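Q: Protein chains in written order, with the working numbering: chain A, 2 to 446; chain B, 2 to 446; chain C, 2 to 446.
Honestly, the hints are just simulated from the structure, not real lab data. It cannot be assumed that every hint is accurate.
Heads up, the list lumps identical chains together, so a pair's fine if it works in one copy or across two of them.
[To be verified] Using 27 Å as the maximum straight-line C-alpha spacing, the simulated DSSO-like pairs for lysine-lysine come out as follows: (1) Lys270 <-> Lys364; (2) Lys364 <-> Lys90; (3) Lys254 <-> Lys90; (4) Lys159 <-> Lys130.
Just so we're clear, the structure is a prediction, and the values are computed from it rather than from any experiment.
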Amino acid sequence: MCIFGTGDLGRSLGLRLLQSGYRVVYGSRRPHSCGPLPSGAQVMTHAAAARSASLIFICVHREHYEFLETLQSKLEGKVLVDLSNNLKKGMYPEANAVYLQRLVPQAAVVKGLNTLSAWALQNGLLAGKQVYLCGDDARAKRVVAEMATKLGLTVLDKGSLSAARELEDFPLRLFPEWRLPLCVAVGLTAFFFFYLLIRDVIYAYVENGNETSYRIMMALANKVFPIVSLVMLSLCYLPGAIAGFLQLYRGTKYSRFPNWLDRWMLCRKQMGLVALGFAFLHAIYTLVIPIRYTFRRDQMSTVVDEMKRNTSTPFDNTEAWGTDSFIALGILGFFLYVLLALTSLPSVGGSLSWREFSFIQSKLGHLTLFICTAHGYIYGWNKFLSISTYKWYTPPAFMLCLIVPSVALVLKLLLLLPCVDRTLTRIRQGWERSKPKDAVGVTNL
Amino acid sequence: MCIFGTGDLGRSLGLRLLQSGYRVVYGSRRPHSCGPLPSGAQVMTHAAAARSASLIFICVHREHYEFLETLQSKLEGKVLVDLSNNLKKGMYPEANAVYLQRLVPQAAVVKGLNTLSAWALQNGLLAGKQVYLCGDDARAKRVVAEMATKLGLTVLDKGSLSAARELEDFPLRLFPEWRLPLCVAVGLTAFFFFYLLIRDVIYAYVENGNETSYRIMMALANKVFPIVSLVMLSLCYLPGAIAGFLQLYRGTKYSRFPNWLDRWMLCRKQMGLVALGFAFLHAIYTLVIPIRYTFRRDQMSTVVDEMKRNTSTPFDNTEAWGTDSFIALGILGFFLYVLLALTSLPSVGGSLSWREFSFIQSKLGHLTLFICTAHGYIYGWNKFLSISTYKWYTPPAFMLCLIVPSVALVLKLLLLLPCVDRTLTRIRQGWERSKPKDAVGVTNL
Amino acid sequence: MCIFGTGDLGRSLGLRLLQSGYRVVYGSRRPHSCGPLPSGAQVMTHAAAARSASLIFICVHREHYEFLETLQSKLEGKVLVDLSNNLKKGMYPEANAVYLQRLVPQAAVVKGLNTLSAWALQNGLLAGKQVYLCGDDARAKRVVAEMATKLGLTVLDKGSLSAARELEDFPLRLFPEWRLPLCVAVGLTAFFFFYLLIRDVIYAYVENGNETSYRIMMALANKVFPIVSLVMLSLCYLPGAIAGFLQLYRGTKYSRFPNWLDRWMLCRKQMGLVALGFAFLHAIYTLVIPIRYTFRRDQMSTVVDEMKRNTSTPFDNTEAWGTDSFIALGILGFFLYVLLALTSLPSVGGSLSWREFSFIQSKLGHLTLFICTAHGYIYGWNKFLSISTYKWYTPPAFMLCLIVPSVALVLKLLLLLPCVDRTLTRIRQGWERSKPKDAVGVTNL
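The shape of chain A in the complex, shown without the other chains:
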């Protein structure tokens, strides 16, 4: 094994290779003044180092690749592993590895391992980590893959060297799987915010001349948060139901889902976590209500009014039951929400068996959705039929937000009907409706 470059990454990689029993040689511009290297490793000039090894790691910035051209003859037939990354996307017209291959056409360039950080290497945080490889030479890729497996890494082959650009973009990715859920969240928040702004603040100002702009900061936000949270939670469970109906309709599980459904299903976890974030904000915003200036003012004026009128409204048992159920359902829903989120932590989820995981995410998840939807329905129990609710002929926001969860729950209920459920289970075990009888043979796990 030879490593070109004695920077942080080169040093950490060498240390790890030495520990796995490999002999490591460093190639350096200045073999005598290149700082502390892991004990057991030799340092030589680039040329000497290249001669002594068949596998060479290039831990050097792309800008300095030119010197490799001068080593052409020594690199013939060697495997070069390009670990470099760029600072930005699209900094260079061609991928680093492609450029390297062009410089040294006689060597077999493999792009890979570039998602490893010096820090992770140094601290031995490799176990089970997934790394990517690509290259045009199958033998070279096999050699690198075996080395990586020995280091405890899990290798995924991404094909030919033309995938190098994709690999080089990996370390630059910023939460790709969070993008869609966050976009949905921002879109929903903006929509409902303006909807409520019009109904709650502008309506009051136009019709009655009340200045209630202070409601924006808390009261409005505390209406937007639960709405977005509930809609996003139901968006977690809707694609599963749609997929079920699609499988039923097609009568097989082997045809691929349409692209949009695939993407949707892949970001369900992130969707749920964003929903939890909104639910968390809703919870704190609600708990904080009694400290607020407006709440205390309201209470005070109620008391003063009552005193002045010198009457007292009797205690309303139904009202007490209603609000208490409303609050209790909300708390319970939030509690289940948190439970769901805990099991999506990698270390917790990893310790569950498949059946336990699906029990939590499916059964408990739908229960959470049901409870949160009920929380929404009880909120509006005495508002659905009163005309004053429909300001400017628009329904209140909480009614709008109950549509998607209701649809998701109804679809799930349909799928749970015994006859539908039985067919679906058979399909998911590999049974195909269209398959001719005689072809039904061995189905595989």
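Based on the hints, put chains B and C in the right spot on chain A.
A: Leaving out everything else, chains B and C in the frame of chain A:
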């Protein structure tokens, strides 16, 4: 290596085997139309595939095992690994692996790896995962164990093939270690709920004719939750104290604990987490009080009363100290509770040294129990001696619930007495009271 | 492989070695009565066992090492691995491994693996765990390191046998990296507590004769918590800014930071988590306010006053905006705080790419600091210029606590200026100001 079956599991397993440097051959009914397989693997008919390998993974549903009977001659002397699972417990009279061994008596059947999911295999989430093996042929088991270790798995041998049924039931288990704590929680909740229902709601109705059923939803629940939480927290620490006394009494650590104590000790973590769940609910229920209709009504009527009587009760300094201490202890207890739970997360707990873990779970745990118990005692500080507390001659629920924690704390205090502690430490280091002097030789780590 | 000692550790280690394909022999005092051992292992007398293996694990308490002296001849040239730990620091004048080497001078003693617990070994929780080695014989260390790597461990060589004492102290460490943050937290808490005690309680008593000692329990605590939390959060981000300026001043990233800065930077994560703990307490203390006796008393007396005066203060729109913004910023800050803490969980942080991790910890972290500081400024928006705030000529505590966060934010802002940022980025990529032009060649990753 040979894999029969090209389903999800077969494909993922083959991919992982290829990456670990094995040569993989698939056996298929229809070698020419079996969908995408990992690159590098060959596909043949079952017979040809069986001939070319010594270790064969059976990734096929049990219902289709019959075809293996026809391959008898090709399977002679081979190692067959049965990875199959069933959908329900007790679907078949004999375990799948036993059935397979009966079909192909000349092969060495090993049951195992069936807890792996295709999903975990594909995503390289194997590092350190525990898998189980069983089989009648020791050599075959050793071959499979070595292969599994190479994949990064941790193998646990469960003995002969008669354990196959147990292994096949593993993936069907649903939180076995949570069953006891949840049963205890449900039992305690039901008991205290009815106890409080009688004392708080029915008593008020019978004696004074008050309709206070609305209290069920929140007020009652918020009494039940802290009670159950405190009792369950103390049940986490009680078995440790009992075990200590048992070791002291027996004078050795080498004799096994009675069965019930063993089971109890094994579910302490789950017990604690359930207790935290109840504490969490208690916390939110408490914080939500001021938003509730009844609370606002109460406050209002107090003010109105005061105004009408035209007097004012002076500010009570003792009352202020009392309630504030009560609340502060509750918050502190909850905070420590959450800390304890965080260290029981696999990834956090795994990064602690043994001494740190035991410091948190034992010292901090007992401190939490002490603070929460003090929280309970302060709640009742002025109620213990008033007769009106003992409705229908029953003690209030919070008194009942203080018994177990107090016992646990007293037992722990006794164990901390210097003389007792010294003996116990010696016993836990391997010293035995009954051992004759001359036999005391090397004690082992 | 030979293991001396059939205790818990010996048994678990043997089991793991057997599973990794090693042949294991136990050496025991009483080969015929040493309890259940892992199947596949042989048991012999110490002498016979020593003869049959080249690598011997000593899983015996230090007090019983003497018997090894009698085996001198059999141990010549063998590698002895000392896994022993002590119960307390400094129990013996010399380290266990040094003592062992003195007893058996002809063997090569390697100290190591002593941080492994029998429990972790038994449950296969080894993957990627870091273990330490030290010893005087390089070859012996290499043999042990390779064995450990095969078990899935990550090895760190700590040098010669004189480091053995340090290794033996590892399992006795109690949160070493938490010590500094906790000291800072305790110091800050004590200072601000007494500062507030003087200003809020003693001042009121001395000047007006008011007995307000009940404020200590909740009101005072709820002022101390946010102050300490904010200061500690800013202490997380201050060292990064200082380090940036130091690198700018020195013009290189290759010279080491002063010792105090290094130590400070290493405990930033713990500092932040302690800060979160205080923020959590602040949040609950705040939410609990409306349940408190004093709050309800205050509200009541306000109403009664208003009724008696028979006037009503008009609704103040600015006040509503101010308090609501104050609360909303607090909630948002706490929410981001929790997000930051979640990504510092090992299992969550481990699944992030380097860029994602630094995005969260740097960008989101500074945003959190900014929001929390703004929360503090808004709290005092109408208090900075009123004279009554400066009791006994001291500034209120919240002003004091805003100094450090403001400094940290200003420093960070300076570093973000385009010209400064560009230079710093170049320095962090390896550019050196002092380097002569011609020496600028290959910079390494």
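Q: Work down the list of hints and note, for each, if the structure agrees.
A: Here's how the hints hold up against the structure:
no. : hint              : in the structure
1   : Lys270 <-> Lys364 : both (15 Å within a copy, 24 Å between copies)
2   : Lys364 <-> Lys90  : between (42 Å within a copy, 20 Å between copies)
3   : Lys254 <-> Lys90  : between (38 Å within a copy, 25 Å between copies)
4   : Lys159 <-> Lys130 : both (16 Å within a copy, 26 Å between copies)
Checked against the numbered hints given earlier, the structure satisfies every one of them.
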